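All the letters of the sequence shown, read from the start, carry residue numbers 1 to 431 under our numbering.
Just so you know, these hints were derived from the structure itself, not from any lab. The structure presented is a predicted model; accordingly, all values stated were derived computationally and were not measured. Treat the hints with caution; some may be incorrect.
[As the list claims (entries may be wrong)] With a Cα cut of at most 30 Å, we get these calculated DSSO-like pairs of lysine-lysine:
{"#": "1", "residue 1": "LYS159", "residue 2": "LYS171"}
{"#": "2", "residue 1": "LYS272", "residue 2": "LYS230"}
{"#": "3", "residue 1": "LYS177", "residue 2": "LYS159"}
{"#": "4", "residue 1": "LYS224", "residue 2": "LYS272"}
{"#": "5", "residue 1": "LYS284", "residue 2": "LYS224"}
[Claimed, not checked] Restraint-style ranges between C-beta atoms, simulated for each label pair:
{"#": "6", "residue 1": "LEU210", "residue 2": "ARG276", "range": "30 to 38 Å"}
{"#": "7", "residue 1": "GLY85", "residue 2": "LEU156", "range": "40 to 48 Å"}
{"#": "8", "residue 1": "SER264", "residue 2": "THR220", "range": "21 to 29 Å"}
{"#": "9", "residue 1": "GLU358", "residue 2": "THR265", "range": "24 to 32 Å"}
Beta carbons: idealized from backbone N, C-alpha and C, even for Gly.
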Amino acid sequence: MTAGSESTGSSPPRYSGTEIGSAPRLEEVVHADTLRELAASFRRISGYEVHLRSSTGTVLVGSGDVALESAPIESGEAVVHTGAGGTVFLVAPIEYDHDVIGRIAIGPITHSEHERPRALLEHLRLSLDLILHAGQRAHYASTMHLASIEESYAELLRKNEELEAAYDRLKQLDHLKSSFLATVSHELRTPLTSIIGYSEMLAEGMCGPLTKDQLEFVQTIRQKGDQLLKLILSLLDLSKLESGTLRMHPMSVPIEAVVNDAISTIGPAATKKGVRVFVEPGIKVPPLRADPDRLRQVFVNLIDNAVKFTPKDGTVSIVIRDVEASQTESAGLVLLAPMRREIEVRVKDTGIGIPEHERQRVFDPFYQVDQSSTREQGGAGLGLAIVRRIVEAHQGRIRVEENHPHGSVFVVVFPFLGTSTSGQRARVEQP
1 MTAGSESTGS SPPRYSGTEI GSAPRLEEVV HADTLRELAA SFRRISGYEV HLRSSTGTVL
61 VGSGDVALES APIESGEAVV HTGAGGTVFL VAPIEYDHDV IGRIAIGPIT HSEHERPRAL
121 LEHLRLSLDL ILHAGQRAHY ASTMHLASIE ESYAELLRKN EELEAAYDRL KQLDHLKSSF
181 LATVSHELRT PLTSIIGYSE MLAEGMCGPL TKDQLEFVQT IRQKGDQLLK LILSLLDLSK
241 LESGTLRMHP MSVPIEAVVN DAISTIGPAA TKKGVRVFVE PGIKVPPLRA DPDRLRQVFV
301 NLIDNAVKFT PKDGTVSIVI RDVEASQTES AGLVLLAPMR REIEVRVKDT GIGIPEHERQ
361 RVFDPFYQVD QSSTREQGGA GLGLAIVRRI VEAHQGRIRV EENHPHGSVF VVVFPFLGTS
421 TSGQRARVEQ P
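Based on the provided sequences and hints, a complete structural model is requested.
Following this line, the structure appears as structure tokens:
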């Protein structure tokens with residue numbers, strides 16, 4: 001009796017202890033319960049007991065006392081074999097692709113009755129052959145599926161290792177970039193400060209009176225020097241924020257005073273452009289625990305950015321209010337937890353607005369939404385990147401919304417003074 005087909009390939013892979021294309025173990029291909037049901041059905045029909053064991057010696061059906069292993073079945077045909085105690089059995093091999101994977105015996109029989117047992121055994125072998133063939137196909141399908149899963153898992157591990165290596169490399173490059181920016185910015189800052197200082201001395205006439213044209217040139221040098229110094233300081237701040245080395249000095253800060261100070265700083269430029277900047281009236285909110293200088297930097301950058309991209313006769317309004325903190329806990333915990341409040345500052349402008357698909361990217365360093373507008377208004381794309389990192393260093397959040405019918409709204413949210421921040425990563429150093 002044979003089942004399956006000729007295998008191909010000289011050295012097939014091994015999965016789960018079985019080589020693809022080689023003869024499997026009988027107990028792997030056909031479940032023992034199936035064999036026992038077949039033997040019980042055969043016994044009811046023929047009256048003969050069935051004993052079956054695999055080539056590994058595992059008894060699958062019947063008693064292990066039957067001496068099946070000693071029966072000479074090399075010819076592939078059924079043979080009469082006398083076991084222990086003189087009991088006579090008819091024994092035949094179970095073959096798979098010309099390999100013996102087990103033995104089957106029926107009996108006991110008498111020496112005189114051979115024809116009927118042989119015919120019955122042949123029918124039993126044919127039935128077992130069909131079961132074995134179906135089991136072999138299912139076994140191979142399962143084995144191939146497992147092989148595919150193992151290969152996919154190995155490929156996933158390899159890809160994961162490549163991604164981790166690439167991520168580590170990117171972190172190294174990012175660290176090198178930050179170090180380079182910090183070093184170059186520091187080296188440029190010293191001579192630039194001297195240039196600005198000497199231009200101020202010339203403009204004040206400390207080296208003699210200047211003609212109108214000379215004074216205009218000196219003032220241009222000073223103006224461009226101030227712009228370059230601002231860019232260098234922004235690069236230094238960004239590199240320190242990215243590396244977590246920027247020192248902050250938190251204290252109790254009234255946010256209304258910080259916002260009004262920022263408006264005073266941007267006020268002259270806004271008035272010159274014809275843009276009205278104001279704080280909408282509202283209820284006084286509690287103070288924040290923050291670094292006042294860095295908090296001022298946040299709102300100077302936001303208001304300055306809003307003024308730059310708002311046309312003449314436009315407005316930039318600031319709304320300060322306290323709001324209920326967003327709850328991410330389960331419903332039961334929300335009912336038991338005390339209500340948490342946050343401070344929200346909304347900087348609204350009536351400018352050109354930001355497309356929805358670019359609202360998250362505006363916080364990326366050096367990213368600029370509209371190149372033509374940026375060239376007209378100036379800037380290197382660092383202001384909003386610095387804003388986001390300072391806000392996050394204070395355990396806050398920032399997002400962009402649309403201001404109907406036109407313009408943008410930058411929403412900054414901070415926790416109240418004394419709000420629990422356990423479990424969060426904070427870069428603000430406590431005094």
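Tested hints:
This hinted pair checks out: LYS159 and LYS171 have alpha carbons roughly 18 Å apart, not beyond 30 Å. A threshold of 30 Å between alpha carbons decides the hint, and for LYS272 with LYS230 the separation of about 21 Å falls inside it, so the pair holds. About 26 Å separates the Cα atoms of LYS177 and LYS159, which keeps this hinted pair within 30 Å; it holds. A distance of roughly 19 Å separates the Cα atoms of LYS224 and LYS272; the hinted pair therefore holds under the 30 Å criterion.
Between LYS284 and LYS224 the alpha-carbon distance is near 40 Å, which puts this suggested pair outside the 30 Å criterion. Checked against the given bound of 30 to 38 Å, the beta carbons of LEU210 and ARG276, roughly 37 Å apart, stay inside it. Distance hint check: the CB atoms of GLY85 and LEU156 are about 59 Å apart, inconsistent with the given range 40 to 48 Å. Our hint of 21 to 29 Å for SER264 and THR220 holds, since their Cβ atoms are close to 26 Å apart.
Take GLU358 and THR265: their Cβ atoms lie about 27 Å apart, and the range 24 to 32 Å holds.
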